[in-house]
Structures are given as C-alpha cells and as structure tokens.
Amino acid sequence: MIRIRSAASADLETIVEFNALLARETEQKELDRAVLTSGVERALTHPELCHYFVAEISGGTAISGKIVGQTMVTYELTDWRNGVLYWIQSVYVRQAFRGQGVFRALFNHVLETAKADANGRGVRLYVEHTNANALATYQRLGMRPSGHLLYEIDWSGLNGATH
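Just so you know, our numbering puts 152 at position 152 of the sequence shown, and the rest follows in order with no gaps.
Please note: incorrect hints may appear among the correct ones.
Derived Cβ-Cβ restraints for the label pairs, each shown as a range [stated by the list, open to error]:
(1) G147 <-> Q89: 17 to 25 Å
(2) S64 <-> R98: 18 to 26 Å
(3) N82 <-> A132: 19 to 27 Å
(4) S58 <-> L149: 20 to 28 Å
(5) R144 <-> Q89: 29 to 37 Å
Keeping only pairs whose Cα atoms sit at most 20 Å apart, straight-line, the calculated SDA-like set for lysine to any residue is [stated by the list, open to error]:
(6) K115 <-> N82
(7) K115 <-> C50
(8) K29 <-> N133
Honestly, the hints are just simulated from the structure, not real lab data. Where a beta carbon is used, it is the ideal one built from N, C-alpha and C, also for glycine.
Throw the hints in and build the complete structure from the sequences for me.
Here is the structure:
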C-alpha cells in the first residue's frame, strides 16, 4: 500500500537525494548539493511558496515507512480565473517502485487537494519534451498539452551562467 503525506523536516535528506537523482536522470545535470539542500530546506519551511508530498510504503511490511516517491506543488495566481493553479514539480519515484502506482497516488492526492481548495482552478506541470515515459504517464492520467511553450531567463547557474 502507498500512503501520501506532507513532507517534514526529517525528510530533507531523502528529498535532496531524490532531486539530485531527478536532475541526473532527466537532464544529465549534477546539482550543487549545498544549493539544493538550502533550496529544499527553504521549501520545507515556507508553505506559502510550495508544498512537498512524499509517498511511503505502508501496511506492516519490512519496508513500511520507506519513502519511495515525492512531488512538490507550487502555486500560481490566475487572475483570469480568480484562483490558484497547482503546479506539480520535482516528481521522483525510486526506480524499483516505478510502474507500481506511486506517481498515480501522488498525482491523485494533489488533484484532490486542488479540487478541495475553494481557490483551486487546475493542476499543471511541465516536462522535458524528450521524456517519453513521463509524457505517456501524464497522458494516461488525463492531462493534455496546454498549447503553451515555456520560456525562461536563468541566472541561477544551472544553464551555464557564471553568476
């Protein structure tokens, strides 16, 4: 069985590790561990900015309580809809648990949380356009391309910037 819960400060190292693996697997990037750790600490202590959820095994097995997946939700005010869009980010599932409903459980939890929020207006995410497995998963869950492209200016150093 999979149980979804809000992440806590005790989950910091697991979330940092999952994010490092996520960057390596999906974008072939090695993240600065100190920066990543500070970012996750900030996320865990500022619920007005974002919210991490973790998926753990439950049911009294030897691995009961083990975190096997995560996602983070950030919020975007939509003035056109007078509400909040829930953005799914930082999705990671341990390799040994992929294809077993972990992400589906996380996704459904976020979707139900957004629907229960009187200000919730929808759920969105962005994905690397070459990540065929993720694209197929999101489509199976009923998500469709929005028709928008994502543009950015990144001065964080992740895209080769020096400052």
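Right, here's what the structure says about each hint:
no. : hint                     : result
1   : G147 <-> Q89: 17 to 25 Å : holds, 20 Å
2   : S64 <-> R98: 18 to 26 Å  : holds, 19 Å
3   : N82 <-> A132: 19 to 27 Å : violated, 36 Å
4   : S58 <-> L149: 20 to 28 Å : violated, 40 Å
5   : R144 <-> Q89: 29 to 37 Å : violated, 18 Å
6   : K115 <-> N82             : holds, 15 Å
7   : K115 <-> C50             : holds, 17 Å
8   : K29 <-> N133             : holds, 19 Å
Checked against the numbered hints above, the structure violates hints 3, 4 and 5; every other hint is satisfied.
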